[in-house]
Amino acid sequence: MPSNDPTPFDHNAALAACARGDQGALQRLYERENRFLMGVALRIVRDRAAAEDVLHDAFMAIWNRASTFDPARGEGRGWMCSIVRNGALSAVRASARTVSVDEELLDDLQDAEPQAAPDMLDAFSMRSTLGQLDHCLERLDVAKRNCVLLAYLDGCTHVEIADRLSAPLGSVKAWIRRGMASLKECLA
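The numbering used here applies: residue -12 is where the sequence shown begins, and numbers increase by one.
Hints are computed from structural coordinates only; laboratory data are not their basis.
Any given hint could be a false lead.
[What the hints assert, rightly or not] Here are the computed distance ranges between Cβ atoms for each label pair:
id, residue 1, residue 2, range
1, Phe(-4), Ala154, 31 to 37 Å
2, Asp150, Asp128, 18 to 24 Å
3, Asp40, Ala175, 28 to 34 Å
4, Ala168, Asn73, 22 to 28 Å
5, Ala161, Asn51, 18 to 24 Å
6, Ser54, Arg33, 17 to 23 Å
7, His122, Glu147, 37 to 43 Å
8, Arg165, Pro58, 34 to 40 Å
9, Gly8, Ala175, 30 to 36 Å
10, Val129, Ala48, 33 to 39 Å
Cβ coordinates follow ideal geometry from the N, Cα and C atoms, glycine included.
Taking the hints into account, I'd like the entire structure generated from these sequences.
Structural data, given as structure tokens:
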């Protein structure tokens, strides 16, 4: 949910309405999430025009694939974020761009989780391609991958991740720490 809008929003219901052909539901999803999802795309592709293309394609995919969304497997917002993320990673692979490190993000992450910061900085300072990063992310088990993506792509706190996943806070912290260690090893 956007930080400037505290109103509850049911992403799952909106996606179900899209699956029934309700264009208004897609419009509401777009109005609610376009800035956030644009940020996700922009952080990955590092180019505004490319991010706009990714976002357009993502909303087309959301509309066309809304009937495949299964609320039993996760939240609607996370499903939408995955579509954007995968589209952005595909766009980067297609253009053969390398990962660029967002220094401000790394500073924030270092402040948020001091014990994990050296491993994280080592992992992300490697000049790996996004294709390698995507491959390494896919090798993580679902819990670790979801936690890492929610923390570092979505910007969620450990408490927010625990709430979203209905998992114990200690488990979430361990999954993030182990996930980052696995990514570091895979990217080395």
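Against the structure, the hints come out as follows:
1. Phe(-4) to Ala154: 31 to 37 Å: 22 Å, violated
2. Asp150 to Asp128: 18 to 24 Å: 20 Å, holds
3. Asp40 to Ala175: 28 to 34 Å: 33 Å, holds
4. Ala168 to Asn73: 22 to 28 Å: 24 Å, holds
5. Ala161 to Asn51: 18 to 24 Å: Given a distance of about 37 Å, which is not inside 18 to 24 Å, the answer is violated.
6. Ser54 to Arg33: 17 to 23 Å: Since the Cβ atoms of Ser54 and Arg33 sit about 33 Å apart, the hinted range of 17 to 23 Å is violated.
7. His122 to Glu147: 37 to 43 Å: The hint (37 to 43 Å, Cβ to Cβ) is violated, given that His122 and Glu147 are roughly 27 Å apart.
8. Arg165 to Pro58: 34 to 40 Å: The hint (34 to 40 Å, Cβ to Cβ) is violated, given that Arg165 and Pro58 are roughly 27 Å apart.
9. Gly8 to Ala175: 30 to 36 Å: Distance hint for Gly8, Ala175 is violated at roughly 48 Å.
10. Val129 to Ala48: 33 to 39 Å: About 21 Å separates the Cβ atoms of Val129 and Ala48, which means 33 to 39 Å is violated.
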